[in-house]
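Colleague: Residue numbers (my numbering), protein chains in the order written: chain H, 1 to 195; chain L, 196 to 429.
Hints were generated in silico from the structure; no laboratory data involved. A couple of the hints might just be wrong.
[As the list claims (entries may be wrong)] Part of the chain H face toward chain L, derived, beta carbon under 7 Å:
| id | residue |
| --- | --- |
| 1 | Ile135 |
| 2 | Val167 |
| 3 | Leu171 |
[Said to hold, decoys possible] To give an idea of the chain H side of the interface with chain L (calculated C-beta under 10 Å), a few residues:
| id | residue |
| --- | --- |
| 4 | Leu45 |
| 5 | Gly97 |
| 6 | Leu125 |
| 7 | Leu126 |
| 8 | Thr129 |
| 9 | Ser164 |
Backbone N, C-alpha and C define an ideal beta-carbon position, used for all residues, glycine too.
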Amino acid sequence: MARKPSPGHTRAVQAEEAGAPPRQNRMVRFLVLFPVFLAAGFCALLIPFLHPAITGFTRGLVEISAIVIRLFGGNAAAHQVVLQNPSNGFAMEVLDGCNGDDVAVLLWAAILAYPASWFEKGKGLLAGTATIYVINFLRIISLFYLGQYNHQWFEFAHLYVWESVFVLLTLTIFWTWVRRMAAPAAPGIATRRPL
Amino acid sequence: MGEPDRKLSDPLRFLLRALAFLALMLALWWLVLLNPLLAGLRLSSELTLRLLSGGSSVSHVTIGPDRNWTFQVPVPAAVLNQERTRQMLGAAAAGSGPIKVRSMKVEGTGGYPILFTVSLPLYWAILLAAPGRRRRLLLPMLCGTAVLAVFALLSIAVYAIGLVGRYSQSTAQGLPGFLTDSAMYLATGVVPYLAPVLVALSLDGELRGLILAGQAAPAAASTAAAAPRRRRKR
Numbered sequence: 001m002a003r004k005p006s007p008g009h010t011r012a013v014q015a016e017e018a019g020a021p022p023r024q025n026r027m028v029r030f031l032v033l034f035p036v037f038l039a040a041g042f043c044a045l046l047i048p049f050l051h052p053a054i055t056g057f058t059r060g061l062v063e064i065s066a067i068v069i070r071l072f073g074g075n076a077a078a079h080q081v082v083l084q085n086p087s088n089g090f091a092m093e094v095l096d097g098c099n100g101d102d103v104a105v106l107l108w109a110a111i112l113a114y115p116a117s118w119f120e121k122g123k124g125l126l127a128g129t130a131t132i133y134v135i136n137f138l139r140i141i142s143l144f145y146l147g148q149y150n151h152q153w154f155e156f157a158h159l160y161v162w163e164s165v166f167v168l169l170t171l172t173i174f175w176t177w178v179r180r181m182a183a184p185a186a187p188g189i190a191t192r193r194p195l
Numbered sequence: 196m197g198e199p200d201r202k203l204s205d206p207l208r209f210l211l212r213a214l215a216f217l218a219l220m221l222a223l224w225w226l227v228l229l230n231p232l233l234a235g236l237r238l239s240s241e242l243t244l245r246l247l248s249g250g251s252s253v254s255h256v257t258i259g260p261d262r263n264w265t266f267q268v269p270v271p272a273a274v275l276n277q278e279r280t281r282q283m284l285g286a287a288a289a290g291s292g293p294i295k296v297r298s299m300k301v302e303g304t305g306g307y308p309i310l311f312t313v314s315l316p317l318y319w320a321i322l323l324a325a326p327g328r329r330r331r332l333l334l335p336m337l338c339g340t341a342v343l344a345v346f347a348l349l350s351i352a353v354y355a356i357g358l359v360g361r362y363s364q365s366t367a368q369g370l371p372g373f374l375t376d377s378a379m380y381l382a383t384g385v386v387p388y389l390a391p392v393l394v395a396l397s398l399d400g401e402l403r404g405l406i407l408a409g410q411a412a413p414a415a416a417s418t419a420a421a422a423p424r425r426r427r428k429r
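Can you make the complete structure from the sequences, with help from the hints?
Modeller: Pasting the structure below:
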């Protein structure tokens with residue numbers, strides 16, 4: 001007896017019937033496109049003429065961090081890309097690699113390479129990038145306070161803990177996005193042809 | 196909780212587990228494994244430098260008490276041919292015959308070699324946190340560790356080349372300078388964090404299936420897999 005298909009199932013079947021390449025082919029395309037987009041993204045970050053824009057973004061991030069710290073009663077001043085506590089002289093410089101651009105590039109490469117509609121990609125890019133930059137903003141503030149407390153802990157948290165957390169976070173954001181798209185169609189479609 | 200809700204919580208569950216394992220693995224790495232790893236990296240990078248320099252015995256890598264790394268490498272021909280080097284050697288050789296330079300020493304901060312090994316605890320945390328029954332965990336764990344060790348070795352090589360280039364001012368500007376800076380940026384800021392994820396997804400098919408194909412959650416998958424076995428028994 002034929003079962004009534006769910007809306008998600010119908011959508012997936014329509015896509016397959018419309019001549020879309022099989023899932024395996026689309027995944028192969030992802031595995032090819034992802035490194036290409038990733039390399040393009042990192043090249044874009046390294047191109048010298050884009051540096052002013054990236055530095056401007058970092059400067060804005062530092063300014064906002066200083067404003068938020070002051071709003072919550074803290075003491076912070078922004079000087080270009082340096083966040084400083086005027087009362088004790090502690091200062092930390094937010095470099096290009098510390099502004100969240102690297103992980104944003106990673107997420108963008110994964111989402112852009114994944115077989116999905118442009119609308120879904122747009123939603124994923126917006127929500128994912130916003131999440132990354134909000135968490136990065138919290139990271140900068142946490143490091144600012146940690147650095148004033150203990151320099152060794154600051155180094156450890158900066159180089160090893162937060163960077164690793166960010167990679168896990170990016171992976172989770174991407175996975176959540178894929179799951180959200182696959183959720184309605186998953187019982188029938190996704191398990192049938194695993195990668 | 197419905198099926199979609201439960202599935203959507205899988206990534207979050209993975210994140211929480213991965214964070215817990217990351218804390219454990221970072222502690223293990225920092226307190227127990229770091230010194231043996233650095234010693235192994237030093238030895239293998241010395242062997243690599245010797246291989247790269249055609250079996251030259253002048254290549255040495257040492258770690259100082261301050262954890263700084265010193266690379267002793269054969270002097271590149273480009274450096275020997277520099278006007279500044281010739282003048283320096285000419286002044287030193289005045290009255291005492293020609294001086295033959297065999298090697299040069301460059302010292303770099305020990306922070307970077309440590310950074311090159313941080314990919315290991317991150318990789319282990321990802322594999323341990325991956326959902327499902329992790330029966331065959333040992334093989335991807337060992338293979339991935341070996342691959343990441345090679346990445347660490349390559350990063351050390353890039354670091355050493357960057358240091359030599361900077362000391363000799365042969366890669367200070369222009370295209371060589373851009374390429375060296377880019378390679379250093381990738382080796383120190385991208386590869387240690389990105390490589391574990393890519394290696395984990397490459398070597399662990401189950402995790403790759405879960406994330407990329409939106410497959411069913413492991414509990415459901417294992418139940419579904421168990422059913423045909425029961426039928427076969429009958």
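Colleague: If a hint holds in the structure, say so; if it does not, say that too.
Modeller: Hint-by-hint comparison with the structure:
Hint on Ile135 of chain H is violated. Least Cβ distance to chain L is approximately 12 Å, over the 7 Å limit. Hint status for Val167 of chain H: holds, given a least beta-carbon distance of 5 Å to chain L, under 7 Å. The beta carbon of Leu171 of chain H is positioned within 7 Å of a beta carbon in chain L (closest approach about 6 Å), and the interface hint is therefore held. At a threshold of 10 Å, the smallest CB-CB gap from Leu45 of chain H to chain L is about 8 Å, leaving the interface hint in force.
Given hint, Gly97 of chain H at the interface with chain L, holds; its Cβ is 4 Å from that chain's nearest Cβ, closer than 10 Å. Using the Cβ-Cβ criterion of 10 Å, the hint placing Leu125 of chain H at the interface with chain L is not satisfied: the shortest such distance is roughly 17 Å. With 10 Å as the threshold, the beta carbon of Leu126 of chain H stays out of range of chain L, its nearest partner Cβ sitting at about 18 Å, so the hint is violated. With a least beta-carbon distance of about 17 Å to chain L, the hint placing Thr129 of chain H at the interface is violated under the 10 Å criterion.
Annotation: interface hint on Ser164 of chain H holds; nearest CB of chain L at approximately 5 Å, less than 10 Å.
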